[in-house]
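*Asks:* Put the complex together from the two separate chains, hints included.
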Amino acid sequence: MSGRSSDSTARPSGIGRVATPQPKAADAEIREVATSLAESVRSFRRSLHIRTVDTGSCAVCESEIRLLAAPHYDLHRLGFFFTPAPRHADLLLVTGPVARGMEVALRKTYDAMPDPKAVVAVGACPLGGVFAPDDWVHGNLDAVIPVDVFVPGCPPSPLALLHGLLLAVGRLGAKVTEDPFTATATPRPAADAPPPTKAVEVSQPAVAAEAASRSETT
Amino acid sequence: MSRVDVVRAAPGDFETVLLRLLGASDARVADLFASTASTAPAAPAAPAAPTAPGGPDGAQPDRAITLRAIVASDAEGGYVVVESDFEDGVYPPLSDLSPATFVEECEIFEEFSARPMGGKPLNRVLVPPHAETDFPRLGTGPPVVEPGVRAPHVVAGQAFEFPVGPVRGVGQESLYMGLVTTGEEVLDLYLHQWHKHRGIERRVHGWPAERALFLVERAEGLSAVATAWAFCRAVERAAAVAVPAPVERTRAVALELERLYNHAAAVAALCQSTGLSVGQAQAEIALERLLRVNLAAAGHRYLFGTLAIGGVTRALDVSAVRALLPEAVAELRRVVRALRTTNSFLDRLEAAGTVPQETARGLGLVGPIARASGVEIDCRRDHPYGPYAEHPPEVRTRHSGDVLARMEVMAEEVEDSRRLIWDLTAAGLDSGCVPVPYGEPATGLGWCESPRGESLAWVSVDEEGRIERLRLRPASVRNWRAFDDAARARNVFTDVPIIEASFWLTVAGFAR
Ligand code: SF4
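Order-wise, the sequence lines are chains X and D.
Number 19 in the numbering used here belongs to position 1 of the first sequence; there are no gaps in the numbering.
Number 99 in the numbering used here belongs to position 47 of the second sequence; there are no gaps in the numbering.
Where hints are given, some of them may not hold.
Here are the simulated distance ranges between beta carbons [as the list claims (entries may be wrong)]:
| no. | chain 1 | residue 1 | chain 2 | residue 2 | range |
| --- | --- | --- | --- | --- | --- |
| 1 | X | Thr-101 | D | Val-544 | 16 to 26 Å |
| 2 | X | Ser-65 | D | Pro-181 | 34 to 44 Å |
| 3 | X | Val-122 | D | Val-544 | 23 to 33 Å |
| 4 | X | Lys-126 | D | Thr-68 | 46 to 56 Å |
| 5 | X | Pro-134 | D | Glu-446 | 49 to 59 Å |
| 6 | X | Thr-101 | D | Pro-181 | 25 to 35 Å |
| 7 | D | Gly-171 | X | Arg-105 | 41 to 51 Å |
Derived by calculation from the structure, the hints in this document are not laboratory data.
All C-beta atoms, glycine included, are put in the ideal place defined by N, C-alpha and C.
So here's chain D without its partners, still in its complex pose (with noise of 0.2 Å):
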């Protein structure tokens, strides 16, 4: 089991400890959040009370935040949790120490008007413009509207600004693409996921964690059994239980399951943007065949429900899972097979989006993305948890970093989980839940390895388990960052699709 310290610190030396933190090999800040300081009155607990305005002659609102770091130290194993509390709701800007935390900045911004030391411009990542002073928050927004700054970028000259979206094309996600060209070649690309946020991390507040649980599911559907697990390791944490291990390895199969579809489903979408529909039809095969494993295995094509805190609702039907996976899988396998050889195919891939691995390392990015830029990172090894110890995956790299390297990482991968099913059968699965005993609050880190990479929730619970505060980081939240970068270096616009199909994110799961 991985360890998670707790640090708390002074506000004065809350950079110090982080800085010594990171100065360790291979660490790396993989959250920041606020939540409103434990010495402040509690949040609005009714989510339809409007937040009270901040006083009408502008009266200063309160920004006393407790902000917390999670440092995640992969070569050691185990998570640091930074907390201090910044009365005056200014910190030292993180961003300087790890690029990584600047979006998490803008949201802190956001949610709780608290901001980072120096007064750099920051984004606009969730609230949407319309929004005014009473939009509920977590905690006390900003006391007047600011405009939204964008990323920096330059409109002049030959250049001109192509706006896709918020709706896109056919079964795609809003998502709204700033592309900034002379008239090919993608010059600035910038992203504006707001219009989908749904503002689960505040919805949930005073809910019973189970009642959470729904939600957490849905905010990034498709990698429902990962945020699932995440978010139910970081309760029972809390709460101090231990899943039996066949119970965990039950929860794992499913989590393995939900890899395989999804890496299915990246391949038909690469497929899709190079125009190439017999292989898009062949993955979509593979991919509803997968699905309909899924629903024998667990009765929901997408996994939905299975996980429950204290371990999972319902048995998985593993003889459905050892009949119907291995033709699913060899299926996904020659198609994958036919595309490595189609030349056409892989002019497209090559050299395309590419990420370096110092961009991959300084903006934090995690799962496969990261591992084809030769960032050799998978929390299930890193950080084992479940049955993992026993059960380590192969972590697969790649050192190109662009998008044909993604796909071979997650074609790799596909046979690293088939595996993986193998292996935690045969081991004896178990169903059930162990009772949860909330006895006093208490707070807890889950974090679990989604087909798009690390997954973190943080949650903390009252007495009778009912939520005070849960931070979600999808692992989309961290990897969205790095798609301009990899837009930009030297792609032309029909790459953009191409990119974002092997980045196989979901806006969800960064809006949620």
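Pulled out of the complex, with its shape left as it was, chain X reads as follows (with noise of 0.2 Å):
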């Protein structure tokens, strides 16, 4: 039994199923991307307000996004923060495939956040991997309003998504030095933070790294 044991990819020929093998939520890379984290943060006073907005998840993503804020990996110590009112929010945390009925909420709540702002799409749901558009879903979230980051994943662990934040981070920070928010100030030239690009998307090498550390130990 067990020389079988954790073959995770022995599944039925031809079908389609993809079931994401998810990082090890190794405790010291989860410490590595925490502090990575917490220094991207300290150039916003140590102080980022997240609001979510689900549009259709099967209620896993949500799970995952809870657990941000438990023990194991403490969202709050590393100064960001949930906030139940867009208006204080930085960043925005979208998961489903923004199933119709929810667009017209979406899209409220993205314009009550202040500029500047961030998206990050939350899982395969948005990412346009799991409903294909029609007349209850838009399938992927860029059809509805601009992404910056994408977190595949179904659901993307928490680490995954703190690889996400940090991301996010990044774009946010970019995104402050290239707009004055001023009528009159001149562009501050960007000190360290990367230029803004395309939307970027979580690479999973943790995930590579875990398949093949999965195999070897059997």
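*Replies:* Structure follows, in structure tokens:
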């Protein structure tokens, strides 16, 4: 039994069922990401506020987002806070395939957020990987609002979400330096922030490494 | 193995047959749904093609439906599927017999424009208000867009309606709650869940069953194993294949792992809703550990993709389960024990959100909520499937029906699930899939006790295993309908989140 035990790739042939392997939430790795996160948040006076919107998720992405604040990940310690008010939010985490019934609520939330703001698409749903666009859902988030960071995974593990937040903070920093937010001031030169690019996608080297380590250990 | 009988009744006899079945002790209508009548032309196949509107000159759209009621006899074990064709789309008002079926009657109207005799007002359930008449539906939708009718409630005098949602707290699902209040006490409450409707039942029309499984799991991700197992069993019954016992045991271990993490999450949510951050943090540690057990055992924190039609896609890492699980369960046990001696916590739970036994029976509730109200049902025991005939669960009940009772039921089920996992792994697990030969068009019913209660799936597949009609009825579809009753019963505003946490339902499962 144990010979086959963790053979996660064995599945009936020819069927497109994707079970996303997830990074082993190695505590060392979490610490590493957390340290870089804490560093980037420092330039925001250690205070970034996150608002979430569920646009038709299966409730699992929500569960992973809630766990970000749990002791194993403890987002608050890094200077992130969840806020119930979109007007206080810097980052918007969106889950689900943008069900058309949620479109108005999503747009209102997005519009209510002050600039600069960054949008993180959480999971395969808002990336367009679960539902095809049709009369019920838009199928992907950037059909409705501009997206800064895509975090793949079904669901993305909290570690992948931390990676995603790290990228989003970089984007936010770039937006701040890019736009003086006053009518008269001249744009400041970008200090050490990376130039704003097109939407970035969290690469998942951790996933590959994890898959490799799993097959080695068995 | 529990039996499934199919009774075909003449339209005139439908009600009589149901009455006779319901006369037996402990029989209940577990589900009610419609499909386009078998005699009618095939339902539209291409998902993108808009359904033809009902004709330019108001020609009557075809409203013929086949109506099916699933009656569960919990005392004797076994389900009966009663089916009848109604040519004109008018059927006897079953919610008069069994109030539990009211939500289903509303759904049938939205999807097929068939309605119960007597013209009682129906609520809006899943089709969003912006949907026009050409919005794709399972059958022929209503010829005119009717304004949504809400649950009957009075907003007058000192009372006002306090809208909550659909975007709610962080990490909470979208849900609209209309709270009717005079300031503190909840006088009435109604829910709108259509925001999240993703049309999964219609979407999978014409798909091979194997492909549909992908979305079935994602209908309610927190019960992915249970929903998938119910669906797999439905397809396996339609194709008349039997899954070997050791493979069924693998499925059962996955199901019990799912129950464990869900109950831990419910305890964490209860602590959060009462503002008990220390308890919440401890419960979340237990939850994260349980999720890591899942990851080690099946390669996915929420056990997605573990089940396949005809078996399982992978073997579970039994040694990892046995090594990691005891500690995670012990953590949860410590939290619950501490909570049980925290008076300030218990004060919030006792007598909050009470669901009396008659309400639980009348509304057809299932799972821990029903058991906490003294309704002793558990389809693992009443309708044994898979390995549960040899490994029966212990059914735990309480009688007070309040939030505390629900937490205690869940806490005891945690211990029972752990025991079951040990028994099942000791009996030996195996992986693999048996081939599923589809021969002729067939139908099948599957069921499974999810962490939230009985989850049903009914399919009809054609000769190549493509889905003609899928009906998913996760436990959330049943149990949300008790939420307003529980919230109304002499509670104040701040009790609502506590009650919601103790129900531990998902909107996704309702709005599938
Ligand atoms: S991405 Fe996957 S886990 Fe997240 S909501 Fe969508 S289906 Fe669920």
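*Asks:* All hints are to be evaluated individually against the structure, with a verdict given for each.
*Replies:* We went through each hint and held it up to the structure:
1. X:Thr-101 and D:Val-544 have their C-beta atoms about 25 Å apart, which keeps the hinted 16 to 26 Å range intact.
2. Separated by about 39 Å at the C-beta atoms, X:Ser-65 and D:Pro-181 satisfy the suggested range of 34 to 44 Å.
3. The hinted window of 23 to 33 Å between X:Val-122 and D:Val-544 holds, with their beta carbons roughly 30 Å apart.
4. Evaluation of the 46 to 56 Å hint for X:Lys-126 and D:Thr-68 yields a pass: the beta carbon distance comes to about 52 Å.
5. Checked against the given bound of 49 to 59 Å, the beta carbons of X:Pro-134 and D:Glu-446, roughly 56 Å apart, stay inside it.
6. Remark: the range hint 25 to 35 Å for X:Thr-101 to D:Pro-181 is upheld by a beta-carbon distance near 29 Å.
7. The hint said 41 to 51 Å for the Cβ distance between D:Gly-171 and X:Arg-105, and at roughly 46 Å that hint holds.
Going through the hint list in order, the structure satisfies each hint without exception.
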